[in-house]
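Asker: If you read the protein sequences in the order shown, they are chains A and B. In terms of the working numbering, the first sequence opens at residue 37 and continues consecutively. In terms of the working numbering, the second sequence opens at residue 47 and continues consecutively.
Treat the hints as calculated values from the structure; they're not laboratory data. For each residue, glycine too, the CB sits at the ideal point set by N, CA and C.
Cβ pair distances, simulated, as ranges: (1) A161(B) <-> M156(A): 31 to 37 angstroms; (2) H157(A) <-> T186(B): 25 to 31 angstroms; (3) T253(A) <-> D264(B): 57 to 63 angstroms; (4) G116(A) <-> E138(B): 44 to 50 angstroms; (5) D59(B) <-> E176(A): 45 to 51 angstroms; (6) A136(B) <-> E235(A): 46 to 52 angstroms.
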Amino acid sequence: MQPLSRTQITWRAAQDIADGSYVNLGIGLPVLVANHLPADREIILHSENGIVGIGPAASDDQADPDLVDAGGQRVTLRPGAALVDSAAAFGMIVGGNIDITLLGAFQVASNGDFANWDSMHPWKGPLVGGAMDLAAGAREVRVIMQHTTKEGEPRLVTQCSYPLTAPGVVKRIYTDLAIVDVTAEGFIAREIVAGLTPEALSEKTGAPIVVASNCATLSAPDL
Amino acid sequence: MKSAADAIADIPDGATIMVSGFQGSGMPNALLRALVDHGAKDLTLICNGAGPHGTQQARLTDAGQVRKLICSSARGRSDEPTPLERLWRAGEIALELVPQGTFAERIRAGGAGLAAFYTPVSVGTDLAKGKEARDFDGRTYVLETALKADFTLLRADRADRLGNLGYRGTQINFGPAMAAAGATTIAEVGEIVEVGSFAPECVQTPGIFVDRVVVLPDLR
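If we strip away everything but chain B, and leave its shape as in the complex, we get:
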């Protein structure tokens, strides 16, 4: 794709979108900036950490484009409420809080074609309320359903023409799981490399999961 704007141009109102990234690493900031400019609204946003203010991702929630947020954190860091915290308190954004490992596994399951799984995490806490519980070998587990998305936005370090992706350091985080769980997966990368230049065993997200790539050389 020629630009981030082109890559996200067909995201409609009401779409469900996964966004990778953890503590700034692996955040697809160019795609998020384009999505804010694009203006799609009533979005369901699936991202791990929605709390920090001032990020491109926060601009999306602050702009009122998100109706529902599924995340493991929505807490700001300031002494006064962030715009997201205000929207949540005002009931303008519905929030589903998920333990981070359950969050990752729900996405992984979605990409793997599974409907749901049982986990011991959150048993006996408020986050397990209302969920089906079942004992296996004497331990209690709760049923968690898979997550899928219409679009996944992620950042990687490099891609080839087939969409094979390589990440730098901790950039990888939710990338592989979200790439598989998105019906349309869009990656922004720092570099396009020749087909064949990845050692096959070093492809971290195979191109079978990647539909569009935007190269943004200034990311490196």
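This is chain A alone, in the form it adopts within the complex:
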């Protein structure tokens, strides 16, 4: 059994973004999806600090401290980009203009609840950023995360133990082991890595998971 690397998960998630989509990528693993967008599709990346149309990351000589994305990375703009203020940028999000948001998560529940903002750390200050706005406002919420914690605990669960970011919004989860859809019937595996049996997948998943009858092999190029 060969789990996908972090880079391969982001590559795989990128392949599912349709031509013409407006997309917001969350901080962490999701922003790496930008490196793998299919070149033949016009996909417009939105950043909550006011960019519609982020281009590639800035090289050292391009880097401008007044062109940063939501994670503070120095970025470029693609031709046709627009810059707006924060209230307008969030109006785009909560107003339902973002087709897809890809977010990281600590946990996703089989009813689509997810938790990604409060790690319940003993001393770290709280941080919510734009996570709840994206979760409530984007037309589709997809999550990218490892299938289990470093300690092997499932992140796909029946009920989140961490504080929720939003209830009932996640539609699809990309992990190192599987692509899982969240449906009215609970988790359904659409793709599973080669060599992982449905039984082994169930053991690593903290809620009932059905393997789709047409379940495919989850694979990605060496990246």
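Since the structure of chain A is provided, determine the placement of chain B on it from the hints.
Answerer: Frame of chain A; chain B shown alone:
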């Protein structure tokens, strides 16, 4: 105004202050440095990201000048608590955490003369606890109140004598909303341009919202 110190000299203890900026872009660092030196205390600070250590804004919270913080993030990036995280844990700073879009809209509403609005954001989470909820067209929303300030501090790229402002790149972020929501709005800019040199449709914050401008040419 001649200097950042002059521009903030009348900020009293107990004032509510909005500070624009996002990930370093649009931070009014000269005004913040002057406010630390000025020493006003018991401030309510309304800023999006209060977490990063070592910034001029963090110097204000670290110095114990802030009694209440309204923000979307107060998390440091280090492996040990930042001074802000210690003050928060010790109960020395009250913290109101707000989803960033709600934060922006509360400020926008404050500047537009609105008292409150309903948003779907945070419904079903801990941040909606205790807030009035109401259904519209089958969806649940929570009531969020507007934010206003005694003083707004922001950075822009350029200004004219009337206070019209233009920003560079992502410097704009919370600037327009905070400029409107501040009773007294103070901008630090890299350049003063002649009245009439802005194309009227390219004024990003009109001077009607701006009370004081400090030019700091080394910012550009």
